[in-house]
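**Q** Now for the letters of each chain:
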Amino acid sequence: MIEIRFHGRGGQGAVVASEILANAFFFEDNSVQTFPEFGVERRGAPVAAYLRIDKSQVLVRCKIYEPDHIIVLDPTLLNAVDVTVGLKPGGWILVNSNHKPDELGFPSKFRVATIDATSLAIKYHLGPRTSPIVNTAILGAFSNISQFMPIKVSMKSICGAIKKKVPIQRENNIKAAKEAYNMVIIDKELCKAK
Amino acid sequence: MKEVTTGNHAVSYGAMLSRAQVIAAYPITPQTQIVELLSNFCATGKLKAKFLKVESEHSVMAASIGASLAGARAFTATSGQGLALMHEMIHWAANGRLPIVMADVNRSMAPGWSIWTDQNDSLSQRDTGWIQLYCESSQEVTDSIIQGFKIAEKVYLPVMVILDAFVLSHTSEVIDLPDIKLVDKYLPPFKARDMMDMKNPRAFGGLVTPDFNFELKYKIQEAMNQTIPVAKWADREFKRILGRSYGIIEAYKCEKADTILVTSGTITSTSRYVINQLHAQGKKNVGILKIRMFRPFPAKEVVAVLSKAKKVAVIDRNIGYGVGGIFCQEVKAAFGNEKKHPEFFNFITGIGGRDVTPKDIQGIIDYTETHKKPKEDIIWVGLRK
Amino acid sequence: MQSKIKVIPTTLKVKDLPPTAISMSNMLFNKTGSWRNYKPVYDEKLPPCNATCPSGEKIQGYLYLVKNNKFAEAWQLIKQDNPLPAVCGRVCFHPCEVECNRNDYDESVGIHNVERLIGDYGLRHNLRVKIGIKKKQQIAIIGGGPAGISAAYHLARMGYKPTIFEAERQLGGMLQYGIPSYRLPKNILQKEINSIIKMGVKVKTGMRVGKNLFIEELAKKYHAVLIATGAYKERNLDIPGEEARGVIGALDFLHEANLPRRQAGSGKKPTISKDVVIIGGGNAAMDAARSALRMGAHPKVIYRRTRNEMPAIPDEIRDTEEEKIDFIFLAAPVKVITKNNKTVALECIRMKLGSADSSGRRKPIPVKGSNFRIKTGTIIKAIGESPETSFIPASLLKDNLVCTDKWGMTAQNNIFAAGDAVTGPKTVVEAIGAGKRSAQAIDKYVRTGKVTHTEIPEVKPVRFEQLNTAYFEHAPRVSMPHLEFKQRVKSTKEVYLGYKPNEAITESDRCFSCGVCNFCDNCWVFCPDMAVIKKKNKYEFNYDYCKGCGICASECPHNVISLVEEKK
Numbered sequence: 001m002i003e004i005r006f007h008g009r010g011g012q013g014a015v016v017a018s019e020i021l022a023n024a025f026f027f028e029d030n031s032v033q034t035f036p037e038f039g040v041e042r043r044g045a046p047v048a049a050y051l052r053i054d055k056s057q058v059l060v061r062c063k064i065y066e067p068d069h070i071i072v073l074d075p076t077l078l079n080a081v082d083v084t085v086g087l088k089p090g091g092w093i094l095v096n097s098n099h100k101p102d103e104l105g106f107p108s109k110f111r112v113a114t115i116d117a118t119s120l121a122i123k124y125h126l127g128p129r130t131s132p133i134v135n136t137a138i139l140g141a142f143s144n145i146s147q148f149m150p151i152k153v154s155m156k157s158i159c160g161a162i163k164k165k166v167p168i169q170r171e172n173n174i175k176a177a178k179e180a181y182n183m184v185i186i187d188k189e190l191c192k193a194k
Numbered sequence: 001m002k003e004v005t006t007g008n009h010a011v012s013y014g015a016m017l018s019r020a021q022v023i024a025a026y027p028i029t030p031q032t033q034i035v036e037l038l039s040n041f042c043a044t045g046k047l048k049a050k051f052l053k054v055e056s057e058h059s060v061m062a063a064s065i066g067a068s069l070a071g072a073r074a075f076t077a078t079s080g081q082g083l084a085l086m087h088e089m090i091h092w093a094a095n096g097r098l099p100i101v102m103a104d105v106n107r108s109m110a111p112g113w114s115i116w117t118d119q120n121d122s123l124s125q126r127d128t129g130w131i132q133l134y135c136e137s138s139q140e141v142t143d144s145i146i147q148g149f150k151i152a153e154k155v156y157l158p159v160m161v162i163l164d165a166f167v168l169s170h171t172s173e174v175i176d177l178p179d180i181k182l183v184d185k186y187l188p189p190f191k192a193r194d195m196m197d198m199k200n201p202r203a204f205g206g207l208v209t210p211d212f213n214f215e216l217k218y219k220i221q222e223a224m225n226q227t228i229p230v231a232k233w234a235d236r237e238f239k240r241i242l243g244r245s246y247g248i249i250e251a252y253k254c255e256k257a258d259t260i261l262v263t264s265g266t267i268t269s270t271s272r273y274v275i276n277q278l279h280a281q282g283k284k285n286v287g288i289l290k291i292r293m294f295r296p297f298p299a300k301e302v303v304a305v306l307s308k309a310k311k312v313a314v315i316d317r318n319i320g321y322g323v324g325g326i327f328c329q330e331v332k333a334a335f336g337n338e339k340k341h342p343e344f345f346n347f348i349t350g351i352g353g354r355d356v357t358p359k360d361i362q363g364i365i366d367y368t369e370t371h372k373k374p375k376e377d378i379i380w381v382g383l384r385k
Numbered sequence: 001m002q003s004k005i006k007v008i009p010t011t012l013k014v015k016d017l018p019p020t021a022i023s024m025s026n027m028l029f030n031k032t033g034s035w036r037n038y039k040p041v042y043d044e045k046l047p048p049c050n051a052t053c054p055s056g057e058k059i060q061g062y063l064y065l066v067k068n069n070k071f072a073e074a075w076q077l078i079k080q081d082n083p084l085p086a087v088c089g090r091v092c093f094h095p096c097e098v099e100c101n102r103n104d105y106d107e108s109v110g111i112h113n114v115e116r117l118i119g120d121y122g123l124r125h126n127l128r129v130k131i132g133i134k135k136k137q138q139i140a141i142i143g144g145g146p147a148g149i150s151a152a153y154h155l156a157r158m159g160y161k162p163t164i165f166e167a168e169r170q171l172g173g174m175l176q177y178g179i180p181s182y183r184l185p186k187n188i189l190q191k192e193i194n195s196i197i198k199m200g201v202k203v204k205t206g207m208r209v210g211k212n213l214f215i216e217e218l219a220k221k222y223h224a225v226l227i228a229t230g231a232y233k234e235r236n237l238d239i240p241g242e243e244a245r246g247v248i249g250a251l252d253f254l255h256e257a258n259l260p261r262r263q264a265g266s267g268k269k270p271t272i273s274k275d276v277v278i279i280g281g282g283n284a285a286m287d288a289a290r291s292a293l294r295m296g297a298h299p300k301v302i303y304r305r306t307r308n309e310m311p312a313i314p315d316e317i318r319d320t321e322e323e324k325i326d327f328i329f330l331a332a333p334v335k336v337i338t339k340n341n342k343t344v345a346l347e348c349i350r351m352k353l354g355s356a357d358s359s360g361r362r363k364p365i366p367v368k369g370s371n372f373r374i375k376t377g378t379i380i381k382a383i384g385e386s387p388e389t390s391f392i393p394a395s396l397l398k399d400n401l402v403c404t405d406k407w408g409m410t411a412q413n414n415i416f417a418a419g420d421a422v423t424g425p426k427t428v429v430e431a432i433g434a435g436k437r438s439a440q441a442i443d444k445y446v447r448t449g450k451v452t453h454t455e456i457p458e459v460k461p462v463r464f465e466q467l468n469t470a471y472f473e474h475a476p477r478v479s480m481p482h483l484e485f486k487q488r489v490k491s492t493k494e495v496y497l498g499y500k501p502n503e504a505i506t507e508s509d510r511c512f513s514c515g516v517c518n519f520c521d522n523c524w525v526f527c528p529d530m531a532v533i534k535k536k537n538k539y540e541f542n543y544d545y546c547k548g549c550g551i552c553a554s555e556c557p558h559n560v561i562s563l564v565e566e567k568k
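Residue numbers (my numbering), protein chains in the order written: chain V, 1 to 194; chain C, 1 to 385; chain S, 1 to 568.
If you're looking for bench data, these hints aren't it; they were derived computationally from the structure. Heads up, some of the hints might be wrong.
Claimed, not checked - Quick partial rundown of chain V residues pointing at chain C, CB under 10 Å, derived from the structure:
| hint | residue |
| --- | --- |
| 1 | Glu19 |
| 2 | Pro36 |
| 3 | Lys63 |
Claimed, not checked - Within a straight-line C-alpha distance of at most 20 Å, the following computed PhoX-like cross-link-like pairs (lysine-lysine) qualify:
| hint | chain 1 | residue 1 | chain 2 | residue 2 |
| --- | --- | --- | --- | --- |
| 4 | C | Lys217 | S | Lys15 |
| 5 | C | Lys46 | V | Lys164 |
| 6 | V | Lys55 | C | Lys2 |
| 7 | S | Lys534 | S | Lys39 |
| 8 | S | Lys39 | C | Lys217 |
| 9 | S | Lys134 | S | Lys444 |
| 10 | C | Lys359 | C | Lys308 |
| 11 | S | Lys31 | C | Lys219 |
| 12 | C | Lys217 | C | Lys50 |
| 13 | C | Lys181 | C | Lys48 |
| 14 | V | Lys165 | C | Lys2 |
| 15 | S | Lys335 | S | Lys300 |
| 16 | S | Lys220 | S | Lys444 |
| 17 | C | Lys154 | S | Lys15 |
| 18 | S | Lys534 | C | Lys199 |
| 19 | C | Lys46 | C | Lys181 |
| 20 | C | Lys359 | C | Lys283 |
| 21 | C | Lys2 | V | Lys156 |
| 22 | C | Lys332 | C | Lys308 |
| 23 | S | Lys67 | S | Lys444 |
| 24 | V | Lys88 | C | Lys359 |
| 25 | C | Lys359 | V | Lys63 |
| 26 | S | Lys136 | S | Lys202 |
| 27 | C | Lys199 | S | Lys535 |
| 28 | C | Lys300 | C | Lys232 |
| 29 | S | Lys134 | C | Lys199 |
| 30 | S | Lys161 | S | Lys221 |
| 31 | C | Lys332 | V | Lys163 |
| 32 | S | Lys220 | S | Lys161 |
| 33 | C | Lys232 | V | Lys164 |
For each residue, glycine too, the CB sits at the ideal point set by N, CA and C.
Model the full structure from these sequences, guided by the hints.
**A** And the structure:
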């Protein structure tokens, strides 16, 4: 079983990101379970969403305290919350950031990748300029790094899930995801260091 | 067809597949998505039902009663405070012997104001004459609603299908939506008893003197007695036509168990996860008894499973204040006239939506195994004392 | 004979009892009607709009038809009482809207706006009213104003072919010559008059009483004569200099201003100075001021009381104010200043309000030494009119008005009178109502030789408190589209543009239907004994089962159901 935790801010699409990724994994015959941090959400406030993926039925029903990987949709969260809390050593941290992975200062026990999803969202007019919706772009990047994981997810499944779950601007969302797939920066050094 | 969907939407699909004809509903967190999807089904014609917007949950049930009485298949859903507001009409539906099916998303009662899960809302309605089914997965939610109509329309008692707030209601997972043609085969159109006939008008719900009301109340108990075999039959039929079965209770890996956990709702699912791991490690003396049907309480069936165990750990996500866990009370009562009974441990956990983790379950198992008798009447799991 | 209530034996066992609290058998035997002390009856009442309409229009009725998109039927209904709906929809002072119960809820229903649309609909679709069996009696009507036209129309509907004698070249009276075209376009008036003429009304114009027409002669020649000569004699100011050039009467001014160029006696519009002053606070003053504005002047209105006491209808005052016309309140003229018999200024005196006079309004009292002058070349007098009675036999007069009984009959049996000649200056719709009543009286008279006086009991209209407003939603009145100030002053185009059909439907739906059933089903829905039976276009009570609880009456939004004591 793989457990992924999403960090974002209310309104950025973290919950939808977890649902899109769940559907993408579901298309590849996995059992999935995804849920938001239960309760009330406010635009701009830190939010979390969770995703479990397994080949057999997911039975455990509680929050994820020790995720295998994390996906951070907003770079400003790095200064606000400890996104790595409980993250297993060797786990991936995928961050929406215009920095290189080694510039973010994560401990070397984690593997880090960055993608400038905000620029892509603005380029493809996803969401308002003041709060671009970055969720589809970051999932394109995730598809790339999933090749280093035991359960992979293809771009085809990501695009299929976007088509299913995103109500508007499907084509632009898919373009952003595809571009992100190629744009993601993986820190080779950190990769080795695991 | 397999689909990734939330527990709430699983409810809506269940009602749609059952071809509910009248849906009166009032939104309340965490049930709102159920109403949203159902109103969408009605608006787009996917479900040919009359959707009634009413001003409160009390009116929701009043409208459902009218619809059911007139011969329509009536469905609704609510949660927590909404269920409490409905209470008067909850009695009415049962005493009126109306086969209404309602989903209740378990929500802790205020104050402290809460939108998170525990079972005190639905268990407050346990003595109203409603059949209660507690679910552990979205799949079970959809299936239980369909089964609920099958049972209700046979015994003429209303059915409450219960799911945990958020842990189930807002969690998306894979469910296999039944083919509606098969559901149609399982659940033919509702043919009401011809109580409402304009040409042959009869008075309904009027004053009943003590000379007769005693007998009428007896009939509800009689119908409850009948419900256990009917529910088993409905589940068997479901297996035959739709391929899945749940039982009214389920003994899980109890074959070699001397300690049995009694669970309901999503705690069952997490407990399965723990028990699977233990069994995989070769530790096979722990099992689970899932109670799916709480009303009528399947006492005989429960005793049959638990009497083999030395220790029984009842995990309650609820509390009967001044007594203890409500499931635990019922389980103990089931053994009332038995000569022998296992040692009962009553664990209370998860109230007010507190997360229940595999670690908590493991802790419950450890406590039960290491104690001959419980040190306290109620063992609070995870309480910061 | 009512069957007795069946007693269910207490020996019955569980299996013999029904599944729930339901009667053991059919309950029809239980005739709960025998319990009744009060009995509900469908008892339609008079809506206040209808009660107050001087011409007796069934306003609720046509609003209901419009609401249901039945414009032609609405036109037919309105035409039963009012021959000129397109005209009245524009110029009537609509007392119906003042009495409308909706005023106590949010805003009155825009009745005159709907009326106007119905009238226009009838003209556009060339609708016709049904004419009764032909009658041979000859009837003369003197005066082609609203009262005369109304009488002619109603007589024509009954099958008569009355003759109207009109002094001017055109029918219409004040409508034609008094009311400016920005309020009432001439083509609308003409079309509505033409449709009445087509019903068999004969018209002789240029016939003036005392000149080439004599009442006594007509009374001999015709079976009945109706005097409907109106009130067009203008009152004088009685101040020095009044005879000077540049001092004119409002009606003369409006008459000239309203004539198409080729018809006007002088061949020209009346000439007025830019600084024209209008004296008076009535509708004629407002019309004169607004007409002068459209001729390029900057008119000033002088009135001796304040805005609150102005007799003009509120809508007119508002429109005049919107057109930025100056008002000088609490001032009265004392002298016209002339130079070579030409008006150059008006001297006025300031007034203050004293105690209430016989009209109920506070009496203006001059303030000594407060005289002031207003420079002006034209003064328009608009201080009221009275009937011209010098040509009417003195035996028919009293206090300078034609004297009649309630049905319009004068001291001479076959001579009737109606309108302003009887009442003094009143409104268009009152003249129309008077014309209708005298047509009915004349019909009776020429057929039977007398007018029977059947007293109609006075019916109190439904009051707001009698309605159950829980069933009404608050809704703003649909606003009437109109020209903006800049467009108004440039031309004599009609200021108000009229509802579109969908707007009229929305507005009609605001009607409370006071006292009149509009098939809302509330009684049928609420009756706990299912004793309300729905029939085509009506409901009936099944008194076998109605136990007189009165829920139907209290839940009827419209106060249609009354409870009457049961005779035992």
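**Q** Now tell me if each hint is right for this structure.
**A** Against the structure, the hints come out as follows:
The beta carbon of Glu19 (chain V) is positioned within 10 Å of a beta carbon in chain C (closest approach about 6 Å), and the interface hint is therefore held. With its C-beta approaching chain C no nearer than about 6 Å, Pro36 (chain V) sits inside the 10 Å limit, and its interface hint holds. Proximity of Lys63 (chain V) to chain C holds as hinted, the smallest CB-CB distance being about 5 Å (cut-off 10 Å). A threshold of 20 Å between alpha carbons decides the hint, and for Lys217 (chain C) with Lys15 (chain S) the separation of about 13 Å falls inside it, so the pair holds.
The hinted pair formed by Lys46 (chain C) and Lys164 (chain V) meets the criterion: a straight-line CA distance of about 19 Å does not exceed 20 Å. Proposed proximity of Lys55 (chain V) and Lys2 (chain C) is supported: the alpha carbons are some 15 Å apart, at most 20 Å. Using a Cα cut-off of 20 Å, the hinted pair Lys534 (chain S) and Lys39 (chain S) holds, with the two alpha carbons roughly 18 Å apart. The hinted pair formed by Lys39 (chain S) and Lys217 (chain C) fails the criterion: a straight-line CA distance of about 39 Å is larger than 20 Å.
Straight-line distance between C-alpha atoms of Lys134 (chain S) and Lys444 (chain S) comes to about 15 Å, which keeps the hinted pair within the 20 Å bound. In summary, the hint linking Lys359 (chain C) to Lys308 (chain C) is not supported, as the alpha carbons are separated by about 26 Å, beyond the 20 Å threshold. Restraint check: the Cα-Cα separation between Lys31 (chain S) and Lys219 (chain C) comes to about 31 Å, which exceeds 20 Å; the hinted pair is violated. Distance check on the hinted pair: Lys217 (chain C) and Lys50 (chain C) sit about 32 Å apart at the alpha-carbon level, beyond 20 Å; violated.
Taking the CA atoms of Lys181 (chain C) and Lys48 (chain C), the gap is about 16 Å. The hint holds against a cut of 20 Å. In summary, the hint linking Lys165 (chain V) to Lys2 (chain C) is supported, as the alpha carbons are separated by about 15 Å, within the 20 Å threshold. Taking the CA atoms of Lys335 (chain S) and Lys300 (chain S), the gap is about 17 Å. The hint holds against a cut of 20 Å. Proximity of Lys220 (chain S) to Lys444 (chain S) is assessed by CA-CA distance (about 19 Å); at most 20 Å being required, the pair is judged to hold.
Between Lys154 (chain C) and Lys15 (chain S) the CA atoms are separated by roughly 17 Å; this keeps the pair inside 20 Å, and the hint holds. For the given pair, Lys534 (chain S) sits about 16 Å from Lys199 (chain C) by alpha-carbon distance, which is consistent with the 20 Å threshold. Distance check on the hinted pair: Lys46 (chain C) and Lys181 (chain C) sit about 14 Å apart at the alpha-carbon level, within 20 Å; holds. As the CA atoms of Lys359 (chain C) and Lys283 (chain C) are separated by approximately 16 Å, the hinted pair is consistent with the 20 Å bound.
With a C-alpha separation of about 19 Å, the suggested pairing of Lys2 (chain C) with Lys156 (chain V) holds against the 20 Å cut-off. Taken as a hint, the Lys332 (chain C) and Lys308 (chain C) pair is honoured in the structure, with Cα atoms around 15 Å apart against an allowance of 20 Å. Restraint check: the Cα-Cα separation between Lys67 (chain S) and Lys444 (chain S) comes to about 36 Å, which exceeds 20 Å; the hinted pair is violated. At roughly 17 Å between alpha-carbon atoms, Lys88 (chain V) and Lys359 (chain C) fall within 20 Å of each other, so this suggested pair holds.
Proximity of Lys359 (chain C) to Lys63 (chain V) is assessed by CA-CA distance (about 12 Å); at most 20 Å being required, the pair is judged to hold. A C-alpha spacing of about 14 Å is found between Lys136 (chain S) and Lys202 (chain S), which places the hinted pair at or below 20 Å, so the restraint holds. Between Lys199 (chain C) and Lys535 (chain S) the alpha-carbon distance is near 17 Å, which keeps this suggested pair within the 20 Å criterion. Between Lys300 (chain C) and Lys232 (chain C) the alpha-carbon distance is near 14 Å, which keeps this suggested pair within the 20 Å criterion.
Between Lys134 (chain S) and Lys199 (chain C), the direct Cα distance comes to roughly 54 Å. Violation of the 20 Å bound is thereby established for this hinted pair. A C-alpha spacing of about 15 Å is found between Lys161 (chain S) and Lys221 (chain S), which places the hinted pair at or below 20 Å, so the restraint holds. Distance check on the hinted pair: Lys332 (chain C) and Lys163 (chain V) sit about 53 Å apart at the alpha-carbon level, beyond 20 Å; violated. As the CA atoms of Lys220 (chain S) and Lys161 (chain S) are separated by approximately 17 Å, the hinted pair is consistent with the 20 Å bound.
A distance of roughly 38 Å separates the Cα atoms of Lys232 (chain C) and Lys164 (chain V); the hinted pair therefore is violated under the 20 Å criterion.
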